[in-house]
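S.K.: Using the sequences and the accompanying hints, generate a full structural model.
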Amino acid sequence: MLQLRGSIDGVERTVVLDRSETSLGRADDNDVVLSDLVASPHHAVVLHEGDRWWVRDLESRYGLRVNDDVADEIDLEPGDVVTIGTVDFVVEVAPAAAPPGPPPAPPPAPPAAPPDAGDEPAVVPGIVRSVDEVALALGLPTSGHGAAVAPPVPHAVEPLGATGAAPDHEGAGYPGVALGHLTRLAGELRTAVDEDEAAQRALEVAFQALPVDRGWILFTDDHGDVVHRVARTGDGADHPEGDLPISWSIVRRVLDERVAMTTGDVVLDPRAASRSMMAHDIRAAMCAPLWSGDAVRGVVYVDSQLTKGTFTGVALDVLTAMANNLAVALTALRHAHEAERERAARRHLERYHSPAMIDALERAEAVEGISRLRQADVTVLFADVVGFTSTSQELSPDGVARLLDGFFTEAVEAVFAHGGTLDKFIGDAVMAFFGAPVPAHDHAEQALRAALDLRDRLTRWNRGQEEVGARPVAIRVALNSGPVVVGDVGSSRRVDYTVLGNTVNVAARLEGVGGPGDIVVGPGTRERLPADYPLEPLGELDLKGLRQPLPVWRVATPAEPPSG
81 MLQLRGSIDG VERTVVLDRS ETSLGRADDN DVVLSDLVAS PHHAVVLHEG
131 DRWWVRDLES RYGLRVNDDV ADEIDLEPGD VVTIGTVDFV VEVAPAAAPP
181 GPPPAPPPAP PAAPPDAGDE PAVVPGIVRS VDEVALALGL PTSGHGAAVA
231 PPVPHAVEPL GATGAAPDHE GAGYPGVALG HLTRLAGELR TAVDEDEAAQ
281 RALEVAFQAL PVDRGWILFT DDHGDVVHRV ARTGDGADHP EGDLPISWSI
331 VRRVLDERVA MTTGDVVLDP RAASRSMMAH DIRAAMCAPL WSGDAVRGVV
381 YVDSQLTKGT FTGVALDVLT AMANNLAVAL TALRHAHEAE RERAARRHLE
431 RYHSPAMIDA LERAEAVEGI SRLRQADVTV LFADVVGFTS TSQELSPDGV
481 ARLLDGFFTE AVEAVFAHGG TLDKFIGDAV MAFFGAPVPA HDHAEQALRA
531 ALDLRDRLTR WNRGQEEVGA RPVAIRVALN SGPVVVGDVG SSRRVDYTVL
581 GNTVNVAARL EGVGGPGDIV VGPGTRERLP ADYPLEPLGE LDLKGLRQPL
631 PVWRVATPAE PPSG
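Numbering-wise (the working numbering), the sequence shown opens with residue 81 and increments by one.
Source of the hints: derived by calculation from the structure; they are not laboratory data. Worth double-checking, as some hints may not be accurate.
Unchecked claim - Cβ pair distances, simulated, as ranges:
no.	residue 1	residue 2	range
1	Asn582	Asp612	27 to 33 Å
2	Asn147	Ser87	15 to 21 Å
3	Ala497	Arg551	22 to 28 Å
4	Gly507	Pro614	54 to 60 Å
5	His417	Val548	46 to 52 Å
6	Ala412	Asn147	40 to 46 Å
7	Arg85	Asp109	20 to 26 Å
8	Ala174	Asn147	18 to 24 Å
9	Gly625	Arg309	52 to 58 Å
As the list claims (entries may be wrong) - Each computed SDA-like pair below joins lysine to any residue, with the alpha-carbon atoms no more than 20 Å apart:
no.	residue 1	residue 2
10	Lys504	Leu626
11	Lys504	Arg482
12	Lys504	Thr489
13	Lys504	Phe488
The C-beta atom is built at its ideal place from N, Cα and C for all residues, glycine as well.
M.R.: Below is the structure:
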């Protein structure tokens with residue numbers, strides 16, 4: 081006589097094949113009932129006639145395997161392994177029947193409560209599944225760790241009970257009910273605006289789909305600590321962070337082993353209880369991980385109290401699929417928020433830098449660090465319109481605006497074309513600097529090339545002004561180089577990216593030295609230019625606000641900036 085030995089729902093069972101037909105499957109009318117969701121309602125039958133035993137597949141959904149080979153019908157021998165769903169049965173020779181004897185002594189009664197000291201005992205699981213198993217059972221795709229996502233198709237929605245056999249895969253049974261809830265959840269998550277709203281909506285759907293009393297969404301922070309984010313109970317009450325009435329044994333095991341699991345029923349098996357479960361009257365609990373890439377970033381935890389029942393594999397599968405949907409939505413929200421922060425950072429940079437400079441900053445991964453105040457060596461440029469006060473008195477306000485708009489446009493283009501940073505507009509003047517946020521050893525030459533370029537641009541712009549009978553403008557430019565402090569300066573409501581220091585003050589004073597078309601440079605810039613660069617000394621000048629005379633030079637005309 082042969083027998084099948086295997087583990088069904090975590091319990092070792094032996095089935096003696098002493099009948100002509102022994103049926104196996106999920107339906108209740110089978111001789112061997114399997115709660116495994118991958119098994120079909122009527123999966124296979126073992127036949128016996130004389131000295132022959134063989135197994136036949138009953139057109140099951142996922143097939144029959146014997147010794148890891150797919151088989152429709154095959155004879156059985158001792159040592160064969162028959163796989164039905166995810167359950168392996170080993171074929172063995174049945175031992176001879178033992179003579180009747182006295183009944184065995186009853187086992188000692190389990191303790192009524194968990195121990196008072198030490199860590200909580202390990203929870204005895206009712207069901208443990210990897211999320212890939214869940215995705216396979218639901219007919220959903222897996223992605224490495226089994227991030228199952230419900231397809232957007234309509235299904236009838238009804239609650240899934242806590243007890244009883246799992247519905248059939250065929251017809252409007254298990255997949256239809258489960259996917260109906262998952263489809264609704266997917267729709268809810270698509271419109272969530274942040275992580276907390278997404279988590280709250282996931283709990284709302286879980287309460288409609290599952291027989292639970294309470295639920296929590298827990299995230300892990302960068303240090304691996306568990307952080308309470310969203311809670312829901314039957315009466316709508318919340319619980320303070322750090323004092324959650326949950327089974328921490330289950331949460332820790334799900335995070336550590338990366339599996340979804342339920343407890344056993346503590347009413348039937350007190351070993352399934354931990355101290356926290358007994359203290360909070362928890363009868364059974366379920367917990368599923370939130371996957372982000374290859375890491376678990378949190379869990380969805382639900383439980384039922386003594387007024388409700390235990391959880392089946394169906395309930396665990398639905399909770400796990402919901403957790404995967406939520407994890408996908410949370411990842412998408414994080415990416416969207418990160419993208420918005422990057423766009424905001426770029427908009428901030430576009431106020432001051434050219435597109436090429438912004439691209440260079442992003443490649444250097446320096447975008448987030450440029451706002452902090454720091455020391456730098458730069459060249460500061462000031463350019464203004466000569467005689468603007470008298471000119472503005474002769475023009476209408478609209479004419480003044482058009483004149484400044486033309487000048488500022490040409491100035492910004494010249495600054496950006498040579499790697500400069502626009503600081504601000506001050507009345508009829510433009511302030512810019514070179515050598516920050518990206519350091520440049522030749523920032524003095526960059527600034528001088530920008531000044532010469534601006535002068536040439538204004539010459540061309542003035543020709544266009546004269547052709548339409550508009551007033552041309554004359555500008556003067558001042559440059560000075562040296563140490564500054566650079567970064568965001570301002571209040572909590574408004575900041576500007578700017579430079580501060582005596583180098584800036586000297587450049588501002590030099591702005592008033594030159595005449596129309598002049599480019600003057602201070603001693604800091606003179607030191608940083610090639611020694612043979614064509615500059616005309618203007619001598620030592622007394623500038624307002626400076627204690628000592630300052631040597632000043634003017635760029636010889638015509639002159640070209642050094643190459644490179």
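S.K.: Against the structure, test the hints numbered earlier, and report the numbers of the ones violated in rising order.
M.R.: 4 and 10
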